Amino acid sequence: MELVSREYAGAVVLAPDGRLDHDNSEAFRAALQPYLDAAARPQRGIVLDLSRLAYVSSAGLRCFVLAAKQAKAQGGRIVIAGMQPVVAEIFQISRFNLVFDIFASVRDALAALSAEATAAFDRG
Amino acid sequence: MRVRFWGTRGSIPVALTWRDLRDRIALALVAANGRALDTLEKAHAFAESELPFSIAATYGGHSPCVELETGSASYFICDMGSGARPFGAHVMARQAGAPARVNVFMSHLHWDHMMGFPFFVPAWVPGTQLRVHGCHPDLEAAFVRQQEPPGFPVGFSRLGAGFEFVQLEPGKTVEVDGVRVTPKHQLHGGDSYGYRFEAGGRSVIYSTDSEHKLEDTTETHDFVDFFRDADLVVFDSMYSLAEAVSVKEDWGHSSNMVGVELCQMAGVKHLVLFHHEPAYDDAAIERVLSETRRFEELTREGAPLVVSSAYDGLEIAL
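Here the protein sequences come in this chain order: A and B. Under my numbering, the first sequence has 100 at position 100, and the numbering climbs by one with no breaks. Under my numbering, the second sequence has 269 at position 145, and the numbering climbs by one with no breaks.
Here chain B stands alone, though its shape is the one from the complex (with noise of 0.2 Å):
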């Protein structure tokens, strides 16, 4: 299996302004002094070895969507926020004309998590086949929602894709396209979903948008059950473990920390924070995942678990 992230980013996405641009350039070119970089490859090999990745790249800011490779030769993604457009130019440049088939499991409705499905080329094109997942009652509606006017102008019944909208129960399995998957019910503001998907002998959970009330011992070891063994977990840390817990109570989100201490109390192997918050810089994020790091050494008992941080952009193996 191979996970590979094209949204990282929650609420909304974000950019690089200029002036991040041109000080991270000026960064760059300090730390470069007196390297004798006269070629492209001398340069590109600085900067992936020597340059910390907040100055030689970027965590990037499209919102929520997380694509499995699972081996099947159907699609399987997670959420479609504004990294479903260059999902979708992946799928067109992959598929070379032929029609594909992809399966949508969503988290939520909310905004950031379907934004860019109006933006998912292959739903324009005839002969795909659109599988969308989801625990919501109100699934189809809110894509069709969506594309209602004044919000956008062409509207969903004009797309080009065979749709189908599947509903699916928290806690029950199901096998789609050769993978088992199963959504857990998450505390957040309208209800979301984390999945579980299994395929090959490897694990991927994909929960985001998911408050844990540290109070509540059942709902912490029916995390650890979730989370049990997995190869991968994908998990929302967008606030500091402080935020969430005063002045961000109830708003739905989770922290390093707790993230660290449900991997670690279910064998996790690796923990990937994700749903970064929109007002961090690449700096701020890269310091949280050097903190987390540090974090799961102090509390280490058995494995290491691995902690990496999501980047649009970045694949893992499993």
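Okay, chain A solo, but in the shape it has when bound (with noise of 0.2 Å):
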């Protein structure tokens, strides 16, 4: 899976594409961990744009959920942003809607995290 990263004033936006499952999960997750590790500081954000998630399983759930867990502990926040409707659908089964704070697009999630961020999304 091609895991996509762009920065806007010290927010990061990783894009995952394809299929998240049983089989490429901890891939998924190993390739998560150095924007985890570099986001260790209070107030950095990260936003999981899944506008180009096809599929996420039950394993790749828990990638989201371990890396949540470990930017709280740092100070920092994961957000989620662009959901096609099968993976929304499946936020909703799994009850992971109620676990992170999900926004309709990149730019909306970015102005939750900080408005340097959505100034330098904007200018592009």
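Hint data in this document are derived by calculation from the structure and do not stem from the laboratory. Quantities reported herein were computed from a predicted structural model and do not represent experimental measurements. Possibly wrong hints are sitting among the right ones.
Said to hold, decoys possible - Quick list of simulated restraints, FRET-style, between CB atoms:
#1 A/Ala38 to B/Gly325: 51 to 61 Å
#2 B/Pro277 to A/Tyr55: 53 to 63 Å
#3 B/Trp375 to A/Leu3: 27 to 37 Å
#4 A/Ala54 to B/Gly275: 52 to 62 Å
#5 A/Val4 to B/Asp349: 33 to 43 Å
#6 B/Lys166 to A/Tyr55: 39 to 49 Å
#7 A/Pro34 to B/Ala407: 40 to 50 Å
#8 A/Val4 to B/Arg418: 25 to 35 Å
#9 A/Ala54 to B/Ala222: 56 to 66 Å
#10 A/Asp17 to B/Asp144: 40 to 50 Å
#11 A/Asp37 to B/Asp349: 31 to 41 Å
#12 A/Asp101 to B/Ala181: 37 to 47 Å
As the list claims (entries may be wrong) - A few chain B residues that don't get close to chain A, going by computed Cβ distances all over 12 Å:
#13 Leu140
#14 Glu193
#15 Trp235
#16 His260
#17 Arg269
#18 Gln270
#19 Glu410
Where a beta carbon is used, it is the ideal one built from N, C-alpha and C, also for glycine.
Both chains are sitting in their own frames, so use the hints and assemble them into the complex.
What follows is the structure in structure tokens.
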């Protein structure tokens, strides 16, 4: 699975592409780890942009919650943006919609993290 | 083979309150407004065909007790939760005075899985043969201890049945009265064991009180092998996935979504959600069932997996 990253005034946007399931969830978790380590500064945020994620299994969802736990312990925050309808439905069935702050777009998610990140996003 | 559910609730029995009953009667009356339900037959037909299960019925409140009718003359029962009391009444009625032979398979020795045993009437009847199977070394001691004072007024030694405690080993298949039985170790506080039953070309898995570590691919593959091509899997789906991997991690239970995924990987035909959270009312269990069926649709790649939610009194013929 490809994990595309972008940065906006310190906020990182990570966009997994494809399917996240039992077969690749541990690889995804390992790919996520450097961004979590780098985000070990207070107020630093991560947006998981799920607009290119076609499917997520229980093992993939677990990766999200582990990442959120680590970010929270470091004083940071992970939010979700841009879910496709199927993934949004899986979040609802799993009750992960109650665990994460979820936004319709990456811009909305960045706006929840910081004004600087939003401004950087708007500058393109 | 036929599977009959006598107790389906996890952790502790629950019962409808007067308020629950009053509210659902009110909902049923509103739904029936304008209908000419002037006979019991018409009212029954309306309740069965037009009302949601959570209004017309209830998932029920007994703690785990599941019977397998295998074609053998002896009874097969998984766990002795509070559902063992009505199961005992069923055995007494069916035997009509003839001695019964009952094979019990214990997933583990937690209270909710054996609390019904002192109220299992056939155990008090001389002539009954009771064979209690399990993988815990303190199987017999747990049954004896449950009836010691001050917890219960009549000691185990006063029971009239003949007892045999049979120690099983995980992964080792045994034949019990014509049924092949394979236990499997499961992750739960103090350990638990699932059972695979095979008879007459059918296979049933009883897998409750079992947490699944999603990051452990070896464990996942082991369970897929254990469930492989089963006709029916009775699965611990007590929590939502979000609870199971966060606030209730290491509490020893699983979720509906993991049940679907394992059963799909294993080519199982029918998944039964089991060990319902005692805090859930009937509407909540019904919603979980509906969402689980939807998740199965979303993730289906091969043949459809039938998904049901266990309720006290449910019977499934295989």
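Against the structure, the hints come out as follows:
Under the hint 51 to 61 Å, the C-beta atoms of A/Ala38 and B/Gly325, about 57 Å apart, fit the expected range. At about 57 Å, the CB distance of B/Pro277 to A/Tyr55 agrees with the hint of 53 to 63 Å. In this structure the hint that B/Trp375 and A/Leu3 lie 27 to 37 Å apart at CB holds, the actual value being about 31 Å. Checking the proposed 52 to 62 Å range against A/Ala54 and B/Gly275 shows it holds: the Cβ atoms sit about 55 Å from each other.
The hinted range of 33 to 43 Å is satisfied by A/Val4 and B/Asp349, whose Cβ atoms lie roughly 37 Å apart. In this structure the supplied range 39 to 49 Å holds for B/Lys166 paired with A/Tyr55, their Cβ-Cβ distance being about 47 Å. Between A/Pro34 and B/Ala407 the beta carbons are some 45 Å apart, a value that agrees with the proposed interval 40 to 50 Å. In this structure, A/Val4 and B/Arg418 meet the distance hint of 25 to 35 Å, their C-beta atoms being roughly 30 Å apart.
A hinted range of 56 to 66 Å for the beta carbons of A/Ala54 and B/Ala222 is consistent with their spacing of about 60 Å. Between A/Asp17 and B/Asp144 the beta carbon distance is about 48 Å. The supplied range of 40 to 50 Å therefore holds. At about 37 Å, the beta-carbon gap between A/Asp37 and B/Asp349 stays in the expected band of 31 to 41 Å. Hint check: A/Asp101 to B/Ala181, Cβ distance near 38 Å, so the stated range 37 to 47 Å holds.
For B/Leu140, the non-interface assignment is confirmed: its Cβ lies about 25 Å from the closest Cβ of chain A, beyond the 12 Å cut-off. Distance to chain A confirms B/Glu193 as a non-interface residue, since its nearest Cβ pair spans about 33 Å, more than 12 Å. Separation of B/Trp235 from chain A is adequate, the least Cβ-Cβ distance of about 28 Å exceeding the 12 Å criterion. The non-interface label for B/His260 is consistent with chain A: the shortest C-beta to C-beta separation is roughly 29 Å, beyond 12 Å.
A cut-off of 12 Å between C-beta atoms confirms that B/Arg269 is not in contact with chain A; the least separation is 38 Å. At roughly 36 Å from the closest C-beta of chain A, the C-beta of B/Gln270 stays outside 12 Å, upholding its exclusion from the interface. Remark: the non-interface label on B/Glu410 is consistent with the geometry, its nearest Cβ contact in chain A lying 14 Å away (cut-off 12 Å).
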